[in-house]
Amino acid sequence: MSVLVLAVPAKGRLQENAEAFFARAGLELVKPRGARDYRGGIKRLDSVEVAFLSAAEITEQLAAGAVHFGITGEDLVREMIPEANRKVVLLDGLGFGYANVVVAVPEAWIDVRDMADLDDVAISFRVRHDRRLRVATKYMHLTRGFFSRHGIIDYRIVESAGATEGAPAAGIAELIVDITTTGTTLAANGLRVIDDGVILRSQANLVAARGAAWGKTELETARLILDRIAAHARARLFREVRTQFAGCNDALLGLAKDMFGVLTPFGGPTSSGMLTLHCPPDAVHDLASFLREHGADTVIVAQIDYVFSRHNPLFAKLAAAV
Amino acid sequence: MNSAPSFDVHKRADSLVAAFARAGYTRVSPAILQPAEPFFDLSGEDMRRHMYLVTDTAGREFCLRPDLTIPVARDYLASATAPQRASFCYLGPVFRDSGITSGEFLQAGIESFGRPDTAAADAEALALGIEATAHYGLPAPRIVIGDVALFSALITALDLAPAWKRRLLKDFNRKATLAQDLERLTLAGRQNRSEYQGVLAALANANPKAAQALVTDLLSIAGKSAVGGRSIGEIADRFVEQAELGASSALPSETCALIGRFLAVAGTPCKAAAALRALAAEARVALGPALELFESRIGALAGRGVDVDRIEFATAFGRGVDYYTGFVFELHDPAALVDGQLVAGGRYDGLLTRLGSPQPVAAVGFAVWIERLAALAANIEKEQ
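Chains R and X are the protein sequences, given in the same order. The first sequence lines up with residues 20 to 341 when you count with this note's numbering. The second sequence lines up with residues -16 to 367 when you count with this note's numbering.
A couple of the hints might just be wrong.
Claimed, not checked - Facing chain R, a subset of chain X residues (Cβ under 8 Å, in silico):
hint, residue
1, Ala6
2, Phe23
3, Asp24
4, Glu28
Hints in this document: simulated from the structure, not taken from any laboratory. Computed from a predicted model, the values in this text were never measured in an experiment. For every residue, glycine included, the Cβ atom is placed at its ideal position computed from N, Cα and C.
Please put together the full structure from these sequences, using the hints given.
Set out below in structure tokens:
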């Protein structure tokens, strides 16, 4: 039988978040041979094999088409895969693993606010010191692309394996390109992000490999997985609001749609006046007041777990790409 | 280009280089494995992404040579000949990762060091380049030339803040950014962009030395130490310079228009020279020695038997490599059946100093793309 391979981060916060994400979508990751095993599956979905790998390995395997789906950061995809859009499809941002890839300079560089300043400093630095400004980073590809878009040429990259933010203080480089979530580590090392120096706003993504073996079975399995993920993603964005009153009509529904952004998954009220609405969480209380002002006696609001619909935007994206 | 060049391709290239040798160029064969550092420093990140890099057990980085100009120049500097006049020719593989075709291809070429007769040396390089295409059955290639020194002369002569001069000169090889910078210069200057705007404005009217001292003191009081290789004094210098930049109003639109008109000058070298003289006189800027050299080069080219009216010159033409300092040229297939330049080169007077020469050494040279010329010759022979 043709198995769909899903690659999931093997360690740390990214693993916990990824497992929680799949669990919420009704896809429970299991390791039948114990927690130390690097192969697993999804409960009650035999046609899936789960490979637990590092985020960098996942990215490589996606580029090579050796796995079908993977969870990895967009930063790694853009950095490690040349012409990434030809090799993989970013199906959806998962709402965790947020991090920005940024250009950061020493705080003492009060004359450098934006990339144009940095360009000017790079030129004069070369004239004054007879060498190029050094940029420490592990994001060589992203750095080159971004610097080139800003016309900066008088620099060179110093490859950094880890603790990049320490490079300027260590005298290895003048500035850095690195990933940051809160900026605390940068500040602790006396560094500051340049105003227009955000290269990429990254988060964990569900990524599909264009080059994987997409047979009929794998596609069918992918549809099942994406169906649950999409159903859960849609459910997260809404609360279900139910009510019943005679005075409800299309004009009133139209007004509610405009004012609160509600959806009517089953159309207008039934013959008995029952109405089901999907409402963005922020607008729930205003909507409840609105409905009662217009004649409803009781309004029930509930969290929803899934909204399954015939149209699956995630699968459509995948099907278009492979 | 997916397989190694055939025996015939080698043989024909070999006889081309023999002709360079007869013209007084000493044949050299620099090492294929080169220290990577000079290429990182001189060719920049744009070249680095195409380099094949290896690290030895001691952690030193080497590369398969991506061109021969830097290796030939390094060997010359290490020899007893430097900084005396010397001329070299070469033939051998160079390596650039293009992601698609094989990364190994053949280049021949010449490099000439230490000649004081600039115009004659430039003309000789172009004439030998044409000999190279003639060797492959194309005696009249399309000739495209430019002169980086003319743009430098114009910018130097203009009344512009030093920071803007630096940027425009660097941007010359990247026309997209040049246009952006010109627009920015004309439109806004640099208004309202810094949170220190008020301070900058106050400093603009102060004595530069006093302002520099104040900023240095402030940074020291704040406990900001110099990290990342720029001293506090250096930072203060530029901070004060920015203040002056902000205070001076935007670039006058007539100056911007002048740069635009200058960059639009194109045509045969003689007509272009006349146009540049007229433009310089009208705008009262002195292009001085740069324009004189340009004109004497035309004479030297004609003296070499090059039909100068077939040359396409443009002030905006640059080769996208920032070590060129003057004359640059490219020879192309007039039928455009073969993509890319067949022969390309120019003057790079600053390179040897950057490679560590204690005194400046004049340098001019070119590289010949052997596989392209072999493909061109095959096309020509098929037609006959």
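So, going through the hints one by one against the coordinates:
1. For alanine 6 of chain X, the interface hint is violated, the least distance from its beta-carbon to any beta-carbon of chain R being 35 Å, above 8 Å.
2. With its C-beta approaching chain R no nearer than about 5 Å, phenylalanine 23 of chain X sits inside the 8 Å limit, and its interface hint holds.
3. Annotation: interface hint on aspartate 24 of chain X holds; nearest CB of chain R at approximately 6 Å, less than 8 Å.
4. Because the beta carbon of glutamate 28 of chain X sits about 5 Å from the nearest beta carbon in chain R, less than 8 Å, this interface hint is met.
The structure does not agree with numbered hint 1 stated previously, though it agrees with all others.
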